[in-house]
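A.B. asks: Below, each chain spelled out in residue letters.
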Amino acid sequence: KNEVEQSPQNLTAQEGEFITINCSYSVGISALHWLQQHPGGGIVSLFMLSSGKKKHGRLIATINIQEKHSSLHITASHPRDSAVYICAVRYIGTNKLIFGTGTLLAVQP
Amino acid sequence: NAGVTQTPKFRVLKTGQSMTLLCAQDMNHEYMYWYRQDPGMGLRLIHYSVGEGTTAKGEVPDGYNVSRLKKQNFLLGLESAAPSQTSVYFCASRTGLAGVYNEQFFGPGTRLTVL
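Protein sequences appear in the order of chains C and P. Under the working numbering, think of the first position of the first sequence as 1, with each following residue one higher. Under the working numbering, think of the first position of the second sequence as 1001, with each following residue one higher.
Quick caveat, the hints were computed from the structure, so don't treat them as lab data. Don't take every hint at face value.
[Unchecked claim] Residues from chain C shown here face chain P by an in silico Cβ test under 10 Å; the list is partial: (1) Leu11; (2) Thr12; (3) Phe18; (4) Ile19; (5) His33; (6) Gln37; (7) Gly41; (8) Ser45; (9) Phe47; (10) Asn95; (11) Lys96; (12) Leu97; (13) Ile98; (14) Gly102; (15) Ala106.
Ideal placement from N, C-alpha and C gives every residue a C-beta, glycine not left out.
Work out the full structure, taking the sequences as your base and the hints as a guide.
C.D. replies: As structure tokens, then:
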């Protein structure tokens, strides 16, 4: 069982839909990251958060520390949002990230 | 700035052969990491470095060695490649500013196949 669980594993949406990807973890963390990996393989960091909510364009990330849960929302989804979205956490007292297995998102026109 | 670069992008090895993957970053980052990515699994940490001349084991270090002789370079070596090392390898780096955990910047990946 992975320490960082993401759901769903696969998601297909129609262009314009509101999308939510979830991430849950097991113990206390100092930071949670959301990353995006495009079909070409490159990985980019979208958000790093330790509390509350962050917004960048159409992307919103929230975290609930008490419930050990984070969500990534995409508003007005577009085919170019098609990618794998990866959640990763840094546990307290470590320099390392633990990664979820990713959510494969396909947005159809 | 080139960011994080990896050499080579693709490689096919026979079982028992050796090779070195090179990661270079031009952002003056202290921390560098080597990960492998396999289908159905999250990225897993192989080795990492918190500064020039230092290395440490990650989650899956067996069969790999690393060196960080220069701050900008982090080398990953496979002494005797095995089919189980077929994977996509990613290098990443981040700044080491005290008290702040900054984002990791990833290289484009190296796709390695061991026959």
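A.B. asks: Looking at the structure, which of the earlier hints fail to hold?
C.D. replies: Result: hints 1, 2, 3, 4 and 15 break, sorted rising.
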